[in-house]
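Using the sequences and the hints given, assemble the complete structure.
Protein chains: 2
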Amino acid sequence: MEINLTLEKIRKAQIIEASLRKIAEVGIQNITMDDIAAEARLSKGGIAHYFSSKELLIKETFRDFFAAIFLRGQKTMDQCAGPLDKVHSFMWLYNWEDPLVNIGYPMLFDAMAMAGHDTDYRSLLHEWFDGWIELLGCAVEEGVASGAFPVTDIQGTARAISAIYQGVATRWYLDKDAHSTEWAVSYARKAISSLVNGSKK
Amino acid sequence: MEINLTLEKIRKAQIIEASLRKIAEVGIQNITMDDIAAEARLSKGGIAHYFSSKELLIKETFRDFFAAIFLRGQKTMDQCAGPLDKVHSFMWLYNWEDPLVNIGYPMLFDAMAMAGHDTDYRSLLHEWFDGWIELLGCAVEEGVASGAFPVTDIQGTARAISAIYQGVATRWYLDKDAHSTEWAVSYARKAISSLVNGSKK
DNA sequence: CGGTCAATAATCCGATCAGTCGGAATATTG
DNA sequence: CAATATTCCGACTGATCGGATTATTGACCG
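Chains as they are written, first to last, in our numbering: chain D, 129 to 329; chain Y, 129 to 329.
Keep in mind that the hints were calculated from the coordinates and are not lab data. Positions of the beta carbon are idealized from the N, C-alpha and C atoms, including for glycine. Treat the hints loosely; a few may be bogus.
To be verified - Quick list of in silico lysine-lysine cross-link-like pairs, DSSO-like style, CA-CA up to 30 Å:
1. D:304 <-> Y:318
2. D:318 <-> Y:318
3. Y:304 <-> D:187
4. D:304 <-> Y:140
5. Y:304 <-> D:182
6. Y:318 <-> D:187
7. D:318 <-> Y:304
8. D:182 <-> Y:182
What the hints assert, rightly or not - According to the in silico footprint, chain Y covers these stretches of chain D (three or more CB under 8 Å from chain Y):
9. 144-158
10. 219-233
11. 239-248
12. 253-260
13. 295-306
Claimed, not checked - In silico contact screen, one side only, chain D against chain Y (beta carbon under 7 Å); selected entries:
14. 166
15. 194
16. 292
17. 319
Structure, rendered in structure tokens:
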């Protein structure tokens, strides 16, 4: 019983991790259960034992990935002192070396495409957006409380910051020849600053 | 000859339009040639006669759609007088009533997801980004020439504006409950203004 | 009229893949 | 150690779909 639970956790984690890697590699629409099984060093039947359907597994994989990203964002943000540094602390999103970045963007694009036609994925993305707002909202609130940010709509501002991060990221990731990391960092910084700094330089 | 060419154009347009509607409805990964044939009121063979493969048809469909969007952007922008109005003239992207909007976003998300794993789609998106830069770059250049915009990097600024439009649009479209049209318009306006206005209000 | 050929329809084929199932292997229990 | 439960395997099935092949139509021409 005890052991069973442990093994189940190990296997599920193992399968989800394999799924994560494979999705990032080939995409949701191209992935097969055989792929995942091979990557997880299990058979198809083995996977079926732990996940009753492909759809379920994919969604679990997304949730797992989201959690990892938010944890990472929280950690990095917590290391910053002031609220302005905090809202600017997500520039690791524009770092090619980061393994989470390389896995994350293809995953996110896939999720967005699915959300365009599938309501389940839409609510998954809703969770994703909300996660960012929770992170960024804290920082903005801190800035407002300390008087540093002349902002009235905390939620709206946090959402806008998050949208800018993502808009810049999309270009940076999908068209790297035309969008350098310097471009991404400097313009994201500029646009985000303007939202929290009012008219100040 | 004359008639044949005309028929070919009619049929191709008919097929592409059907493909466009179906892609927007069910997505690239779910679409089938039978779907498209039914939507175009032709048989599978009829489609095969004009497009040798599914992939080819889909890519043609994208190009066609891009052209329609750019034409629309150009038209709307041309109606604006000053450079600031011009860079702000793309708020029609945040209009639920617009038919191009309803078709366009799912298409674009699909294209981005494909681009995450397929280099062909990556260059397709490159064209897409470049199209926007061409449009926006003109407006920014005009502002710089007239002295209204204290901007040094015209290209980079145009790319950032385009990225902001898209980042905001993604949220607005995929999570409408949490992102109103007013939110999209006001924050896009604010962020974009700050990029071309320097430190002025 | 009959031939010809492009346009279109109707079938067919082979590949792919998610999910199933019987049973083998392994672990647990009493 | 026997009995039972759990975990895992991999061949198989049924459905789907893209593309190819074959059949039909109908317009134009000689």
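Return the numbers of the hints above that this structure violates; sort them in rising order. 4, 6, 10, 14 and 15
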